[in-house]
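*Asks:* Using the hints provided, position chain X relative to the given structure of chain A.
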Amino acid sequence: AQSVTQLDSQVPVFEEAPVELRCNYSSSVSVYLFWYVQYPNQGLQLLLKYLSGSTLVKGINGFEAEFNKSQTSFHLRKPSVHISDTAEYFCAVSDYNQGGKLIFGQGTELSVKP
Amino acid sequence: DTAVSQTPKYLVTQMGNDKSIKCEQNLGHDTMYWYKQDSKKFLKIMFSYNNKELIINETVPNRFSPKSPDKAHLNLHINSLELGDSAVYFCASSQGFADTQYFGPGTRLTVL
Numbered sequence: 001a002q003s004v005t006q007l008d009s010q011v012p013v014f015e016e017a018p019v020e021l022r023c024n025y026s027s028s029v030s031v032y033l034f035w036y037v038q039y040p041n042q043g044l045q046l047l048l049k050y051l052s053g054s055t056l057v058k059g060i061n062g063f064e065a066e067f068n069k070s071q072t073s074f075h076l077r078k079p080s081v082h083i084s085d086t087a088e089y090f091c092a093v094s095d096y097n098q099g100g101k102l103i104f105g106q107g108t109e110l111s112v113k114p
Numbered sequence: 001d002t003a004v005s006q007t008p009k010y011l012v013t014q015m016g017n018d019k020s021i022k023c024e025q026n027l028g029h030d031t032m033y034w035y036k037q038d039s040k041k042f043l044k045i046m047f048s049y050n051n052k053e054l055i056i057n058e059t060v061p062n063r064f065s066p067k068s069p070d071k072a073h074l075n076l077h078i079n080s081l082e083l084g085d086s087a088v089y090f091c092a093s094s095q096g097f098a099d100t101q102y103f104g105p106g107t108r109l110t111v112l
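Protein chains in written order, with the working numbering: chain A, 1 to 114; chain X, 1 to 112.
The shape of chain A in the complex, shown without the other chains (with noise of 0.2 Å):
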């Protein structure tokens, strides 16, 4: 079964720092990746998503995540980031043939400080 790992629970961070959330899964033939972000008290929200193509995928707010299937990473980052960052982050993966369920990691939680 799919598995998705996300490396910290926490990474706190100086606001215009840059920042590298970490996310692995386990192997399949194919899969699709996804990063959500979760807002205090909101629902999920899509950055991005690696489905094929270029391994370097472009998001929202900044955000980009790099496909590495020899190490079955999805690593997400952003070169500088603002207090309204500040969120929970999920890694996501999908198996086409498994109706298209999402497997959460645990979720980062970003904490951006002044």
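What the hints contain is simulated information worked out from the structure, not anything from laboratory work.
From a predicted model like this one, the values you see are computed outputs, not experimental measurements.
Since no wrong hints were added, every one of them can be taken at face value.
Where chain A lies over chain X, by a calculated footprint (3+ residues, C-beta under 8 Å):
(1) 36-44
(2) 49-63
(3) 82-96
(4) 104-110
Here are the simulated SDA-like cross-link-like pairs (lysine to any residue), alpha carbons at most 25 Å apart as the crow flies:
(5) X/Lys-41 x A/Tyr-25
(6) X/Lys-44 x A/Gly-59
(7) A/Lys-49 x A/Glu-66
(8) A/Lys-58 x A/Pro-18
(9) X/Lys-41 x X/Leu-11
(10) X/Lys-44 x A/Glu-109
(11) X/Lys-44 x A/Thr-86
(12) X/Lys-36 x A/Ser-111
(13) X/Lys-67 x X/Asp-99
(14) X/Lys-41 x A/Asp-85
(15) A/Lys-49 x A/Ala-87
(16) X/Lys-40 x A/Ser-111
(17) A/Lys-49 x X/Thr-100
(18) X/Lys-40 x A/Asp-8
(19) X/Lys-40 x A/Leu-46
(20) A/Lys-58 x A/Ser-80
Idealized CB from N, CA, C, for every residue including glycine.
*Replies:* Just chain X now, kept in the frame of chain A:
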């Protein structure tokens, strides 16, 4: 013009009661989902429906019964509520299995 809406936003009830959560999407999507987020923020799929047909049922207790009266609605009925059912329940929808899932704002269920 909310894409995926859920009602109610908050639900507080006693153990043993029966309650329902409603979900509606106006995106014209074919597939809808229910996810449960526990107190540690872990998200796990419960059900998915495609064109009113059950596709995924993730070993959820049969006290939970989803109902899809039409493509735009997927309601969740819970019988004999237990303390462990306390969580945030999210509805989502997508056009196809590989497409972006759009999430509702969530329903926070508290069982006393």
